[in-house]
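Q: One-letter residues, chain by chain:
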Amino acid sequence: DQQVKQNSPSLSVQEGRISILNCDYTNSMFDYFLWYKKYPAEGPTFLISISSIKDKNEDGRFTVFLNKSAKHLSLHIVPSQPGDSAVYFCAASGGLGSSNTGKLIFGQGTTLQVKP
Amino acid sequence: DAGITQSPRHKVTETGTPVTLRCHQTENHRYMYWYRQDPGHGLRLIHYSYGVKDTDKGEVSDGYSVSRSKTEDFLLTLESATSSQTSVYFCAISGGGQAFFGQGTRLTVV
Numbered sequence: 030d031q032q033v034k035q036n037s038p039s040l041s042v043q044e045g046r047i048s049i050l051n052c053d054y055t056n057s058m059f060d061y062f063l064w065y066k067k068y069p070a071e072g073p074t075f076l077i078s079i080s081s082i083k084d085k086n087e088d089g090r091f092t093v094f095l096n097k098s099a100k101h102l103s104l105h106i107v108p109s110q111p112g113d114s115a116v117y118f119c120a121a122s123g124g125l126g127s128s129n130t131g132k133l134i135f136g137q138g139t140t141l142q143v144k145p
Numbered sequence: 819d820a821g822i823t824q825s826p827r828h829k830v831t832e833t834g835t836p837v838t839l840r841c842h843q844t845e846n847h848r849y850m851y852w853y854r855q856d857p858g859h860g861l862r863l864i865h866y867s868y869g870v871k872d873t874d875k876g877e878v879s880d881g882y883s884v885s886r887s888k889t890e891d892f893l894l895t896l897e898s899a900t901s902s903q904t905s906v907y908f909c910a911i912s913g914g915g916q917a918f919f920g921q922g923t924r925l926t927v928v
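These protein sequence lines map, in sequence, to chains V and Y.
Taking our numbering, the leading residue of the first sequence gets 30, the next gets one more, and so forth.
Taking our numbering, the leading residue of the second sequence gets 819, the next gets one more, and so forth.
It should be emphasised that the hints constitute simulated quantities derived from the structure, not laboratory data.
Derived DSSO-like pairs: lysine-lysine, alpha-carbon spacing no greater than 30 angstroms straight-line:
1. V:K100 <-> V:K66
2. V:K100 <-> V:K85
3. V:K97 <-> V:K34
4. Y:K888 <-> Y:K871
5. V:K66 <-> V:K34
6. V:K100 <-> Y:K875
7. V:K34 <-> V:K100
8. V:K34 <-> V:K144
9. Y:K829 <-> V:K66
10. Y:K875 <-> V:K66
11. V:K66 <-> V:K97
12. V:K100 <-> V:K83
13. V:K34 <-> Y:K875
14. Y:K875 <-> V:K97
Based on the sequences and whatever the hints tell you, model everything.
A: Written out as structure tokens, the structure reads:
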């Protein structure tokens, strides 16, 4: 029973255009969401996060949007660059409170290819 | 880079043999995790630790055990490896609201 879903296994975009990666979740107790990027033969690296009290968080070319009513979040990359080609994982957790163990529930991942 | 080292990086083992993967951190973080990555499943939590000798199960813990005798080391053991445990294993530590991952161990059970 997948609590975090990334329904698009792959995405291909042209360099300079916008990349939009989507993620859906089912557990309304999740209150902290993260995006990770993974290159082959490397561990995932943190990209950007958002708390459920916000609906948008921006960091340079990367913006994450959260729609709590739809239980949906998306990662926008503008402009896309060939070096952004990687697997992107969406993840969710129970938040930053003292009772949180930091466990993350991951989606299946989306492979982004940015063509020059 | 967060100070996380996994060993070995690659291993091939036979069905039925015990295997231990090691994760070593230099960050003194309380929480440590073992995940496995499989196509179509993303990363799934196997076990985690919230302190020395304090561990708990994740969503795919069957066939795995863990131990944490020191803050810096978190061991994952496959008591009797099976082909379904062929995977890439990642160790992670938690700090500042995010997890930092090691480079992974590719395990093949033949």
